[in-house]
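So our numbering is basically just the index in the sequence shown, starting at one, shifted up by 1050.
Hints in this document: simulated from the structure, not taken from any laboratory.
Incorrect hints may appear among the rest.
Here are the in silico distance ranges between beta carbons for each label pair [stated by the list, open to error]:
no., residue 1, residue 2, range
1, Ala1350, Leu1372, 18 to 28 angstroms
2, Pro1414, Arg1095, 26 to 36 angstroms
3, Ser1563, Gly1480, 34 to 44 angstroms
Backbone N, C-alpha and C fix where the C-beta goes; we use that ideal spot for every residue, glycine too.
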Amino acid sequence: MTDAAKPAQSVQSSVQSSDTQLAPSTQSPQLEPKHIIRTLLRSLRQYKKASLLTPLFVVFEGVLEIIIPTVIAALIDQGITPGKMPVVWKFGIILIIMAAISLVCGFLAGKYAAIGSSGFARNLRHDLFKKVQSFSFTNIDRFSTGSIITRLTTDVTNVQNAYQMLIRVGMRAPVMLIVAWIFSFRISPSISMVFLACIPVLGIGLMGMAVLVHPIFRRVFHTYDELNNVVDENLQGVRVVKSFTREQHEDQKFGRISERIYKDFVKAEKLLSMNSPLFSLCMYVSMILIAWFGAKEIVASGNNAAYGLTTGDLTALTTYALQIMMAMMMLSMIFVLVIISRASASRICEVLTEQSTVTESDQPVTSVKDGSIEFNHVSFRYSDTSEKPVLDDINLSIRSGMTVGIVGGTGSAKSSLVQLIPRLYDVTGGSLKVGGLDVHDYELESLRDEVAMVLQKNVLFSGTIAENLRWGNPTATDEEIRHACQLACADGFIEEFPNKYNTYIEQGGTNVSGGQRQRLCIARALLKKPKILILDDSTSAVDTKTDKSIRNAFMHEIPDTTKIIIAQRLASVEESDLIIVMHEGRVLDQGTHEELLKTCEEYRNIYESQTQQHADEDLDAEARDYHEQETEAAQRKVDELASEIKQAEQNGDAAAEGELRKSEATAEATLMEDKRGSNDLPNTPLVAADSQKAASATDAATNEQQGGEAR
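With the hints as extra help, turn the sequences into a complete structure.
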């Protein structure tokens, strides 16, 4: 493959190296090229100077390279052919000076091109990341995590490569093409027309390739989003994959997506590979025609400049032909890179021009009065195209400092309800007030500073425990951190670590248990000292005793904070000031624990089922303890009888031995009954075998006793 196709290969390898949740990437309508360029160039900022200096030095370099063939022609015609050495020395020194200046200009052009393109990519990547940070959950759901990562890495790299090529080669190629043709026209107008005939052929060929290849590369990059999503999902769920032995299935899924990328790239490369033979055809035809017509003119003029072409002129024309062809080759390389980067540029602009669904008012309020919350006929949909609302006609009034429990079945929109409070999502109907003001009136940062959420999926970041906890309050003292951990019942296990609060947490908190992660996340939320604390099923991985300790600490230590607790265990919320029962996105009922037991059948059913379950568990525990005690006593009896039988054998007392063996058989039968009751496995082979053994022992003891009486 020629150099013209190398940009495609470099982009493919750079994309493949960026394999990084899982939602399909949304393809937006293609933006206008002018709009894309204006949007991207905003990221140049402090690198405009380097971007302007690069083409300036490139022009100097190109002009010098174009003048050199003219000087060489003069060297041949005026110095070498007539044998004038002073002229040869003169033009030789001029050539050396021009080459040195051209070399310096080329070096400076390369330096500033690297600075400008790398800085542009850095700014562009930062602008993308900053934009993503401003997204609401709705915006993030639209793109997917894998797609955003691809745009931040691969797509930015593609645009960087294209930009560097444009500001350096993109300026040099046109200058060389135009100026070289002008110089060749001055030498021989008729022969210079050969070059003009090649331009339409190459132009039509390149435009045809662009039309066919651009949609393929756009599809390829969206497929890379899918690939990154699969990799991300697989790595996050690697324990599940291995426990269900689904490695082969995941490998096949990855292979299918990778195969699609391979086929699309092969298809695109086949089309782009036509660039090389097309260019070669134009170049060779041009060289043959120049040599043919040039030779004829030299013969006709007798190699005399006064009558036509000379050998020096033909040498210059040949050099200009090569420069023109080289310029056209560079333009074709730029063309290929632009085709590839155009898809990436469009995808980057989709993110940069995305409008966040959560916006602030022109004069936002920067302080939250208290933790009171009021839902007035609130409804919510995740998407405008959703047929059924997730939340419908929610009316709630929560006073500041209340403890509120939210219960309901799976899919009853409990989490969706609380995510509206810090505006992770925005209501689509009705109004939501916090501290007496509509949430839209607040500055987002101020509102979210006063609302601490511990989500269902507990996230810890790589770093020490103290560093993770200071996400809640960067200026928190060591004493404040310890106090928050005491409230969250996390100080106990932290103190057991060798490095205590300096213990390093792996990415995602994989080196601590689920319950420990939950308690650390609760402590982190408490360090914010919020007016509203939301626990979204955040104590599900801790035992009931620890759960109760955490709730008691909240009650006594943060009485003025509004506490909203979503839980599956009613024991976690039954002491709340208000309990809200959710069902299919609506508030089914609300009240205290005692009130709901009387008025809400759904709540009563949940309570009775959990109460019965706990009662059964308590009875089972008591029964196990009782049977364990009985089994231990029976085992001691069997051991004592075995010792007495051994003593009777040594004394030769057959009658006593027979009585003891009979008692031993009875004791063993009792032991087996206790085991059967303890394990609740009356038909297991072990118990059956032991029962048979006990029966055999009883028969043997009876026979032994009868034999003794006969004797």
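For this structure, which hints from the list above don't hold up?
Every hint satisfied by this model.
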